[in-house]
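A.B. asks: Single-letter residue listing:
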Amino acid sequence: MTSSLEKQKRIKRLNFFRLIFFLIIFSLLLASLFIIKGLFITLLLAFVLSFVLLPPANFLSLWIPRAYAVPIVFFSFLGSLGALLFWSLPFLSKQFNKLQEEFPKYIDQISVLINNWQDHLESNFIFVKDFNLSDKFTQILSSFGNAFLEDLPSTLTQSFTILLLAPFFAFFMMKSRLGLTRSLYPLVPNHVFEMFLSLHYKINKQIGVFIRGRILEAFIVGLIVGAGLILLKFPFAILLGIFASLTNLVPYIGPIIGSIPVLLVALAGDYETGQILLVMGLFFFTQVIDSMVLVPILLARIVNLHPLTVVVIIIAGAQFMGIIGMIISIPLVNALKVSVMAVYQHISDNI
Amino acid sequence: MLEVFFENFFKKEKEGELKFIQNCPLFSDLTNKEMSFLRSLLHHRIYADGEIVFKPSSGTGMYIILKGRVNILQGQPNSQEESSLISALKEGHFFGELSLVHKKAYQSMFAQSAGDSKLLGFFQPDLQLILENYPKMGIKILTKISEILSSRLQKAEQKILQAHSSK
Chain A
1 MTSSLEKQKR IKRLNFFRLI FFLIIFSLLL ASLFIIKGLF ITLLLAFVLS
51 FVLLPPANFL SLWIPRAYAV PIVFFSFLGS LGALLFWSLP FLSKQFNKLQ
101 EEFPKYIDQI SVLINNWQDH LESNFIFVKD FNLSDKFTQI LSSFGNAFLE
151 DLPSTLTQSF TILLLAPFFA FFMMKSRLGL TRSLYPLVPN HVFEMFLSLH
201 YKINKQIGVF IRGRILEAFI VGLIVGAGLI LLKFPFAILL GIFASLTNLV
251 PYIGPIIGSI PVLLVALAGD YETGQILLVM GLFFFTQVID SMVLVPILLA
301 RIVNLHPLTV VVIIIAGAQF MGIIGMIISI PLVNALKVSV MAVYQHISDN
351 I
Chain B
1 MLEVFFENFF KKEKEGELKF IQNCPLFSDL TNKEMSFLRS LLHHRIYADG
51 EIVFKPSSGT GMYIILKGRV NILQGQPNSQ EESSLISALK EGHFFGELSL
101 VHKKAYQSMF AQSAGDSKLL GFFQPDLQLI LENYPKMGIK ILTKISEILS
151 SRLQKAEQKI LQAHSSK
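Line by line, the protein sequences give chains A and B. Using this note's numbering, you'd call the opening residue of the first sequence number 1 and step up by one each time. Using this note's numbering, you'd call the opening residue of the second sequence number 1 and step up by one each time.
A hint or two may mislead.
One side only, chain B facing chain A, incomplete, derived with CB under 8 Å [stated by the list, open to error]: (1) ASP49; (2) GLY61; (3) PHE123; (4) ASN133; (5) GLU157; (6) LYS159; (7) GLN162; (8) ALA163.
For each label pair, taking beta carbons as the anchor points, the in silico distance ranges come out as [what the hints assert, rightly or not]: (9) LEU153/B to GLN8/A: 46 to 56 Å; (10) ALA163/B to PHE59/A: 34 to 44 Å; (11) LEU308/A to SER146/B: 30 to 40 Å; (12) SER40/B to PHE16/A: 39 to 49 Å; (13) PHE284/A to LYS136/B: 27 to 37 Å; (14) GLU81/B to MET321/A: 13 to 23 Å; (15) SER146/B to PHE285/A: 34 to 44 Å; (16) ARG69/B to ILE297/A: 24 to 34 Å; (17) LYS19/B to GLN8/A: 25 to 35 Å; (18) MET341/A to ALA48/B: 49 to 59 Å; (19) GLN107/B to PHE59/A: 37 to 47 Å; (20) TYR344/A to ALA156/B: 29 to 39 Å; (21) GLU6/A to VAL101/B: 51 to 61 Å.
List of simulated lysine-lysine pairs, BS3-like, C-alpha gap at most 25 Å [said to hold, decoys possible]: (22) LYS33/B to LYS140/B; (23) LYS118/B to LYS14/B; (24) LYS205/A to LYS159/B; (25) LYS12/A to LYS118/B; (26) LYS202/A to LYS140/B; (27) LYS205/A to LYS67/B; (28) LYS155/B to LYS7/A; (29) LYS202/A to LYS103/B; (30) LYS155/B to LYS175/A; (31) LYS140/B to LYS9/A; (32) LYS140/B to LYS104/B; (33) LYS175/A to LYS90/B; (34) LYS90/B to LYS118/B; (35) LYS90/B to LYS136/B; (36) LYS14/B to LYS55/B; (37) LYS202/A to LYS136/B; (38) LYS175/A to LYS33/B.
Hints listed in this document are in silico derivations from the structure and should not be mistaken for laboratory results. Every residue gets a Cβ at the ideal spot worked out from N, C-alpha and C, and that includes glycine.
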């Protein structure tokens with residue numbers, strides 16, 4: 001009996017050390033994500049890419065060997081994306097340059113508008129006299145607009161290596177079906193292995209649903225906005241559609257930010273009130289479609305964050321990583337919440 | 001010389017492993033292609049002498065014994081009460097197959113490694129993955145599990161009938 005007790009103690013010690021060892025390796029890997037510059041975003045992009053391309057690859061591998069299915073899906077996607085970029089880049093950059101040129105003009109026109117408005121205000125309320133609304137507004141707007149318009153190209157060129165490396169990572173993630181994390185399995189101690197496996201699977205699945213849903217949602221929103229603006233014969237339609245689809249990834253605040261440049265162009269240009277109302281109606285319509293149709297269908301089972309939490313997270317994201325941080329912080333926190341909920345549910349189910 | 005030795009050594013082990021998997025009734029209907037996919041999903045686990053493989057009502061999968069022995073016991077692991085041995089399994093045997101479909105399939109049993117052992121694990125998430133990606137293959141495995149279930153039910157019914165008739 002004592003020998004069996006000894007044995008149990010030895011096993012307990014062994015498992016404890018294995019767990020500590022595993023946790024150290026795991027946290028080292030996690031830390032390397034943040035220490036090696038750019039690795040985090042590269043991996044994130046690769047992750048998103050692999051999650052989007054995995055279902056078609058799995059579908060194709062019903063008929064042909066997986067060793068062929070993955071490269072076929074992967075390279076046909078990259079090829080068509082490249083072709084699309086090659087075909088549309090001159091056009092897009094022309095639109096972008098034009099917008100960059102005309103942006104100060106728009107701001108001037110807006111400030112005239114605000115001046116008129118302030119005159120009207122001042123004649124009615126005396127206390128706003130010392131407060132130059134137009135100057136303040138122009139300052140904020142032009143600094144934000146310039147920061148965005150000037151930062152974006154340089155951010156894009158800076159992230160060239162990231163953009164180049166991400167598909168490389170994604171390819172290997174897709175090849176090993178359960179992702180690269182599977183190579184960690186042998187290190188997981190026996191007494192938590194089954195739990196680890198189910199958790200890994202659950203989290204993987206939920207994040208997959210989340211990422212695919214979000215991307216499809218953004219794509220459809222961009223499509224509606226772009227197509228609507230083209231129909232309304234609005235300038236920069238495609239560019240503004242892309243912008244709206246990107247900002248739509250940020251909940252609550254995103255759609256508002258996405259509509260600001262459109263409203264600016266609309267207010268500054270020579271448009272009739274009816275046309276401006278139509279453009280505003282388009283954005284409203286898009287948001288209704290988004291929240292009534294797309295979100296319930298695509299993301300119904302995914303937890304939503306409280307609006308206040310969203311604002312705090314976006315501010316934090318902007319602080320750490322600028323514009324990219326604003327876009328990725330919410331999906332990231334949402335993924336984290338999904339993971340934590342899966343862990344919590346698993347543990348509470350098994351007690 | 002040494003390399004050849006190692007190659008043969010591992011080849012022999014791999015061949016033995018394949019035999020064990022093929023002998024398991026759950027996988028007896030699989031084609032060669034499906035078998036090679038299944039093998040890419042299986043987990044090699046090493047257990048120390050006396051280590052618990054699964055606790056009562058917490059297993060999520062089955063194990064095939066590649067090396068060593070495993071005891072299936074009734075009771076609670078590490079408790080004061082003596083647990084009684086239900087069966088002693090050895091190389092090539094498998095256990096825990098009902099956990100693949102029902103988490104609390106084994107409510108009062110646990111598995112303990114007797115001596116150092118090497119097991120091959122196949123778990124619920126792996127079965128789920130097969131069902132989602134290769135439904136045909138998944139159905140073959142599920143059908144086999146139902147066959148095992150129904151034969152056990154039959155045996156249990158017979159026992160009940162015997163008990164009734166002996167009264």
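A.B. asks: State for each hint whether it applies.
C.D. replies: Hint check results:
1. Hint status for ASP49/B relative to chain A: holds, with the closest Cβ pair at about 6 Å, below 8 Å.
2. For GLY61/B, the interface hint holds, the least distance from its beta-carbon to any beta-carbon of chain A being 7 Å, beneath 8 Å.
3. This hint holds: PHE123/B has a C-beta 5 Å from the nearest C-beta of chain A, less than the 8 Å allowed.
4. The closest approach between the C-beta of ASN133/B and any C-beta of chain A is roughly 5 Å, which is under the 8 Å cut-off, so the hint is satisfied.
5. This hint is violated: GLU157/B has a C-beta 32 Å from the nearest C-beta of chain A, more than the 8 Å allowed.
6. About 31 Å separates the beta-carbon of LYS159/B from the nearest beta-carbon of chain A, more than 8 Å, and the hint is not met.
7. Hint on GLN162/B is violated. Least Cβ distance to chain A is approximately 37 Å, over the 8 Å limit.
8. Nearest Cβ of chain A to the Cβ of ALA163/B: about 35 Å, over the 8 Å cut. The hint is violated.
9. Evaluation of the 46 to 56 Å hint for LEU153/B and GLN8/A yields a failure: the beta carbon distance comes to about 36 Å.
10. Between ALA163/B and PHE59/A the Cβ separation comes to about 52 Å, which falls outside the hinted range of 34 to 44 Å.
11. At roughly 51 Å, the beta carbons of LEU308/A and SER146/B sit outside the given window of 30 to 40 Å.
12. For the pair SER40/B and PHE16/A, the beta carbons lie near 31 Å from each other, so the given range of 39 to 49 Å is not met.
13. For the hinted restraint 27 to 37 Å between PHE284/A and LYS136/B, the CB-CB distance of approximately 48 Å leaves it violated.
14. In this structure the supplied range 13 to 23 Å is violated for GLU81/B paired with MET321/A, their Cβ-Cβ distance being about 58 Å.
15. For the pair SER146/B and PHE285/A, the supplied restraint of 34 to 44 Å is violated, since their beta-carbon distance comes to about 51 Å.
16. Our hint of 24 to 34 Å for ARG69/B and ILE297/A is violated, since their Cβ atoms are close to 53 Å apart.
17. The hinted window of 25 to 35 Å between LYS19/B and GLN8/A holds, with their beta carbons roughly 34 Å apart.
18. Checked against the hint of 49 to 59 Å, the pair MET341/A and ALA48/B fails, with Cβ atoms roughly 34 Å apart.
19. Checked against the hint of 37 to 47 Å, the pair GLN107/B and PHE59/A passes, with Cβ atoms roughly 39 Å apart.
20. About 37 Å separates the C-beta atoms of TYR344/A and ALA156/B, a value consistent with the hinted range of 29 to 39 Å.
21. At roughly 38 Å, the beta-carbon separation of GLU6/A and VAL101/B lies outside the given 51 to 61 Å, and the hint is violated.
22. About 14 Å separates the Cα atoms of LYS33/B and LYS140/B, which keeps this hinted pair within 25 Å; it holds.
23. Note on LYS118/B and LYS14/B: the hinted pairing holds, with a Cα-Cα distance of about 13 Å set against a maximum of 25 Å.
24. The suggested pairing of LYS205/A with LYS159/B is violated, with an alpha-carbon distance near 43 Å, which exceeds 25 Å.
25. A hinted pair counts as satisfied when its Cα atoms are at most 25 Å apart, and LYS12/A with LYS118/B qualifies at roughly 19 Å.
26. For the hint pairing LYS202/A with LYS140/B, the CA-to-CA distance comes to about 24 Å; that is within 25 Å, so the pair holds.
27. A threshold of 25 Å between alpha carbons decides the hint, and for LYS205/A with LYS67/B the separation of about 34 Å lies outside it, so the pair is violated.
28. The hinted pair formed by LYS155/B and LYS7/A fails the criterion: a straight-line CA distance of about 37 Å is larger than 25 Å.
29. For the hint pairing LYS202/A with LYS103/B, the CA-to-CA distance comes to about 16 Å; that is within 25 Å, so the pair holds.
30. In summary, the hint linking LYS155/B to LYS175/A is not supported, as the alpha carbons are separated by about 45 Å, beyond the 25 Å threshold.
31. Restraint check for LYS140/B and LYS9/A: the C-alpha separation of about 42 Å exceeds 25 Å, so the hint is violated.
32. A C-alpha spacing of about 23 Å is found between LYS140/B and LYS104/B, which places the hinted pair at or below 25 Å, so the restraint holds.
33. Proximity of LYS175/A to LYS90/B is assessed by CA-CA distance (about 35 Å); at most 25 Å being required, the pair is judged violated.
34. Only pairs whose Cα atoms come within 25 Å are accepted, and LYS90/B paired with LYS118/B is accepted, the gap being roughly 11 Å.
35. Only pairs whose Cα atoms come within 25 Å are accepted, and LYS90/B paired with LYS136/B is rejected, the gap being roughly 31 Å.
36. Taking the CA atoms of LYS14/B and LYS55/B, the gap is near 29 Å; set against the 25 Å cutoff, the hint is violated.
37. A distance of roughly 23 Å separates the Cα atoms of LYS202/A and LYS136/B; the hinted pair therefore holds under the 25 Å criterion.
38. For a cut-off of 25 Å, the pair hint linking LYS175/A to LYS33/B stands: about 17 Å separates their Cα positions.
Of the numbered hints stated above, those contradicted by the structure are hints 5, 6, 7, 8, 9, 10, 11, 12, 13, 14, 15, 16, 18, 21, 24, 27, 28, 30, 31, 33, 35, 36, listed in ascending order.
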